[in-house]
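Engineer: Now for the letters of each chain:
Number of protein chains: 2
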Amino acid sequence: MSGTESPVLAVLCGDKHPPDMEPIEQVAAVRYTDADGLADALRDADALFVYDFLSTAVPGAWHAANRLRWLHIASAGVDPVMFPALRESDVVLTNSRGVFDNSIAEYVLGQILAFAKDFARSIKLQRERTWRHRESERIEGRSVLVVGTGPIGRSIARLLRAVGMHVAGAGRTARDGDPDFGTVHASARLNEHLPEFDYVVAVAPLTEQTKGMFDAAAFAAMKPGARFVNVGRGELVVTGDLVEALRAERIAGAALDVFDTEPLPPDNPLWTMENVHISPHMSGDFVGWRNALVEVFADNFRRWRAGQPLVNVVDKGLGYVPSGG
Amino acid sequence: MSGTESPVLAVLCGDKHPPDMEPIEQVAAVRYTDADGLADALRDADALFVYDFLSTAVPGAWHAANRLRWLHIASAGVDPVMFPALRESDVVLTNSRGVFDNSIAEYVLGQILAFAKDFARSIKLQRERTWRHRESERIEGRSVLVVGTGPIGRSIARLLRAVGMHVAGAGRTARDGDPDFGTVHASARLNEHLPEFDYVVAVAPLTEQTKGMFDAAAFAAMKPGARFVNVGRGELVVTGDLVEALRAERIAGAALDVFDTEPLPPDNPLWTMENVHISPHMSGDFVGWRNALVEVFADNFRRWRAGQPLVNVVDKGLGYVPSGG
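Chains as they are written, first to last, in my numbering: chain A, 463 to 787; chain B, 463 to 787.
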C-alpha cells in the first residue's frame, strides 16, 4: 500500500480493547468490533487484527472482506482462522510467534516438577492437616519427548535440558544434530518412539496431520509411569482415549492446559481425576502478555505501512510459520 | 584402629534397619538398636551410625559411650547431635553431605514455579470444577537470595541460575566472584539485603548464629511480594513471626518443608493459610535416598577401617562441614 493514505484496520476484540494502540490510531482508521459487528468492520478494511484470538467469528464474516490484504492473530496457533476461504485467498496471515515461548516452557517445567515432587498430594494432605512423608522423584536424567519443534517446543527443550533432563523432539522430518533437540523423531512414527520417554509434551500446531495424534494407540505405547503434558491444542488429543488411559493407569498422569472444548465443561471427567492437573489455557499468559501481543502486532504494522516484509508469516498450506521463516 | 580386630558398630534405627549393610556386617559386630537400647549398644562400641537422623536420643545415652571414636549421621544437618559433651569429646563427627543436594534444589525450583504459575489455586479451582483464567509470573529474571552457602545452597544456586534467575548468596563472609553465587552477602547484615529479592531460600545449617534469623524484622525487610522457602531447619524461623507476616500479607507466600516441631501439629495455623505450601520434611528424599545414605556411610566405613582420612568431617565448632573440607 502507499504510505500516504490512511489504511482501515479492523480489530476483533471483546469489551476490552487492546492496550497501547494510540500510535496506530494516529496513522490508521481503527474499527474496534466484537463478533457481531465483524462483517461491518471488515467491509473496505485493509487489515484485520484478531486480538480476541479464541474467537471463531472470522469465517462467518469473511464474505464482507472485500479488500483485506493482511490478517494478524494475537496467538501462536492459527487454527481458528485456517478456513478454506482464507487459505485460498491472497490475504497474508501472520501470528504472534515468540511471545509465549519462555512462559510456556516455564509452565511445562513446573508441571514436570509438580509430578516429580508430588505437589498435588502435598496440597491435598495439607487440606487434611495430615503429615505423611513420601519419597519423591528426581527430574535430572529423566527423558522427555517434545512433540512439536516450533519455537515454543524449542524453548521447552532448552529449559528442560538446562535442568539436566534428556530431551528429544518429534516433528515432520526425522533428523539428528538439531541444536535444541539433538534427535528429532518423525511424528508419523511417533508410537514407535513413545515407549522410551518418562514425559511426553504436546506442543504441535493443530493441523489435519496432528489432529487426534494422541489416541488410544499412542497412550498404549507410552511407559506405564509416563506423564503427558498438553500445552498445544486440545484437539491434538482424543480426550476419551486419554481419560481411559488415565482410568486404567496406563499412564501415570496428565497436565492439561488446553482442551477440545474450552472452557472445559463442568461434567467432564478430567476435572475429578487423580493425577490430572487442569489449568485454564493460561500457560503462556504472563503478566504483561497483552502488551507484548500488541507490540508484536505494532511492529508488523510499521513494516506493513513501510512496505517491508512482515515477520511471522504463516505458511497457509502448513498451518504454521516454517522454521527459519 | 587396627585392621585386624573386628570393630563394634552401633546403628541407631527404628524398626527398619538400613539397607545394603551386608558388606559391613561381614567385617564388624553390628548392633542395631532403637532409642531405648542405645545406651547398651554404645557400651564398648567403636562407632555409631545414626541412621534415624531425626532421633534426639544420642545425648541421653552418651554417658555409656566409653570408647566411641566416630559418629556418622545420615543427614546433612548435624544439629540433633551437636550437644556439649560431643563437641568437647575427641569423637569424630561426619555427615551425609551431598546426598540431598540436587533433590532439594529441584524441590526449591518446583516451589518457585508453583508460586509463579499459581498451581495451588489451579488445584483449588479444579476441585470446584471452575475455569478461571489468570495471568501468571515469569521466573526468568527474578531474583533469589539463597541463605546458606554449603553444598545444598550451591546446588540450588546453580539450578536457579540455569533457568535464568538472578541469584545471590548469604553466608558468614561477604564476598564477590563466588563461582555459584556471584555475590555473597554477610548473613549478619541479612536484613539490609532482603528488600532486593523476589524469593528468599533458607538452607543455612542450624547453629547458635542462625537460630531464629528469620524473625519479624527479617520478614518486614522483605519485598511485599516476596516468597520465602525453607528447606533448612524449622528453627531458623521464628514461626509466630512468619505466621504474622503471612497474615498481614507482609510477604506473599511461603513454601515450608521443615518446622520447629515435626510433625507439624494439627492445630498449627500454617496448615490452613492461603499461599503456604506445606510438605513433610521430604524435599531431599528421592526414591533411592536410603541406599544413597548407606553408601555414603559405607564409603566412610571403608576409609575408617583402612586408617584413611574420613570425608564430610564436621567442624564441631562451626556445626557443619567447612567448604573445601
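Keep in mind that the hints were calculated from the coordinates and are not lab data. Warning: the hint list may mix true and false statements.
Copies of one chain are not kept apart here, so a pair can be met inside one copy or by any two copies together.
Taking lysine-lysine pairs in the DSSO-like style, the calculated list, with each CA pair at most 30 Å apart, reads [claimed, not checked]:
1) K586 / K778
2) K778 / K685
3) K586 / K478
4) K673 / K685
5) K673 / K778
Engineer: If a hint holds in the structure, say so; if it does not, say that too.
Structural biologist: Each hint tested on the structure:
1. K586 / K778: neither (46 Å within a copy, 40 Å between copies)
2. K778 / K685: neither (35 Å within a copy, 48 Å between copies)
3. K586 / K478: Between. Shortest inter-copy distance 28 Å satisfies the 30 Å Cα cut-off; intra-copy 37 Å does not.
4. K673 / K685: within (22 Å within a copy, 46 Å between copies)
5. K673 / K778: Close inside one copy (16 Å), not across copies (63 Å); limit 30 Å.
Checked against the numbered hints given earlier, this structure breaks hints 1, 2; the rest are met.
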